[in-house]
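Chemist: Using the hints, put the two chains back together into the complex; each one sits in its own frame.
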Amino acid sequence: NAGVTQTPKFRVLKTGQSMTLLCAQDMNHEYMYWYRQDPGMGLRLIHYSVGEGTTAKGEVPDGYNVSRLKKQNFLLGLESAAPSQTSVYFCASSYLPGSGANVLTFGAGSRLTVL
Amino acid sequence: EDQVTQSPEALRLQEGESSSLNCSYTVSGLRGLFWYRQDPGKGPEFLFTLYSAGEEKEKERLKATLTKKESFLHITAPKPEDSATYLCAAELYGQNFVFGPGTRLSVLP
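Chains as they are written, first to last, in the numbering used here: chain H, 6 to 120; chain S, 38 to 146.
This is chain S alone, in the form it adopts within the complex (with noise of 0.2 Å):
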């Protein structure tokens, strides 16, 4: 059975605290890992898609990496703003998407 999971459920990180996401997959055929990041009451927006192992892409604060098991999410330096729910999907060949439950994060100023 194609699987994503996530860890840890929540996360709470003082700003400046630099600290990972995990997104755990087990899928058939893996056609690229994805990343969303989701707001109180509003739909995930897309931050980064990766295809193979050891691919890396970063924007601002995040980075995201790949291997052939697992995909991290690196936080550095966070701020406040960065708190939200954040998703990593894989999509498979010939179908969809299985999502993960997400992990919520919390940065304290």
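One chain only, chain H, in its complex shape (with noise of 0.2 Å):
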């Protein structure tokens, strides 16, 4: 089992630049999340999706855009960037939650730089 893969894992852009961050899970989760993290601050929600079709904003979400068409990807793209999105992004899937603890499962972490 691979758990969650991210691709890439660094990458720099130039302002107004676009791309897409690759998320992919092997365990047969039904959610999956995009989080990114910036020092000094918790993890913060960009988006989510509880199955595939289906995606929600969640805290931070301006800027961003997901997809989700198979169920073990899901897709996050910078339509043009900016410095402000200079972070660590962070992938993690889970179970549905109520069943029991809805422990996430992170993927390694994908470096974005903004110029």
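Since the hints were made in silico from the structure, they are not lab data.
Among the hints, a few may not be true.
[What the hints assert, rightly or not] Just some of the chain H residues that point at chain S, by a computed CB distance under 10 Å: (1) Y38; (2) Y40; (3) G45; (4) Y69; (5) K75; (6) G114.
[To be verified] Here are the simulated distance ranges between beta carbons: (7) M46/H x L145/S: 35 to 43 Å; (8) Q40/S x Y100/H: 23 to 31 Å; (9) T25/H x P117/S: 37 to 45 Å; (10) E57/H x S143/S: 36 to 44 Å; (11) E46/S x M32/H: 32 to 40 Å; (12) K100/S x T25/H: 38 to 46 Å; (13) T20/H x A114/S: 46 to 54 Å; (14) G45/H x G66/S: 21 to 29 Å; (15) P77/S x E84/H: 24 to 32 Å.
From the three backbone atoms N, C-alpha and C, an ideal C-beta is built for every residue, glycine too.
Modeler: Shown next as structure tokens:
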């Protein structure tokens, strides 16, 4: 089991460029999430998905879009990158909440720098 | 506003020197309190979930406890391999998680 795999691990963009981060999980989890982690702040939820074909906004969704065309994949897109989007991005997945502990399994992270 | 804070921000211990990390939460409806460990350059890894005040859970040198306002992560006789950032997160009913900023623990040999 690979768990949660994120690609790419590192990326440098110029302001205004676009890119997509890919998250793949092989645990058959229903829920998938995209978080960003900035120094001195807790992980903040960008978008999440409760199943294939569904997405919802989290705490900090502006400037990002997501898609979940397949159950195992969750894509995070930046249409026009800004320096404020410089961060480390984490994808996570979990089973349906309500069935015991909603344990998040995280990927290794994608470090994005916007110049 | 739902909020989770952690203290101290950073902690340096000598090997074998026991201590505690604090997680304080002010949330509208707590479903569970989670502790994660994060090593540099990696994603957080699950440690514990606590659901009710008075509950305790242990794993090797770590013990997590929960009250109505805060949770503690007690580290007994730590070793250098316990060095990491420890995150706590409040899972809210009908919503997602609110994460604290973490405590960066360094255990010196």
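Chemist: Each hint: holds or not?
Modeler: Against the structure, the hints:
1. Y38: It holds, given that the least Cβ distance between Y38/H and chain S is near 7 Å, below 10 Å.
2. Y40: 8 Å, holds
3. G45: Check passed: Cβ of G45/H comes within 6 Å of chain S, closer than 10 Å.
4. Y69: 16 Å, violated
5. K75: At about 21 Å, which exceeds the 10 Å cut-off, the nearest Cβ of chain S leaves the hint on K75/H violated.
6. G114: 6 Å, holds
7. M46/H x L145/S: 35 to 43 Å: 27 Å, violated
8. Q40/S x Y100/H: 23 to 31 Å: Given about 27 Å between the Cβ atoms, the range holds.
9. T25/H x P117/S: 37 to 45 Å: At 39 Å between Cβs, range holds.
10. E57/H x S143/S: 36 to 44 Å: 42 Å, holds
11. E46/S x M32/H: 32 to 40 Å: Since E46/S and M32/H have Cβ atoms about 33 Å apart, the given range 32 to 40 Å holds.
12. K100/S x T25/H: 38 to 46 Å: The hinted range 38 to 46 Å holds for K100/S and T25/H, with Cβ atoms some 42 Å apart.
13. T20/H x A114/S: 46 to 54 Å: 50 Å, holds
14. G45/H x G66/S: 21 to 29 Å: At roughly 26 Å between Cβ atoms, G66/S and G45/H fall inside 21 to 29 Å, so the hint holds.
15. P77/S x E84/H: 24 to 32 Å: Holds - the Cβ-Cβ distance for P77/S and E84/H, about 31 Å, lies within 24 to 32 Å.
In this structure, the earlier hints numbered 4, 5 and 7 are contradicted, and the remaining ones agree with it.
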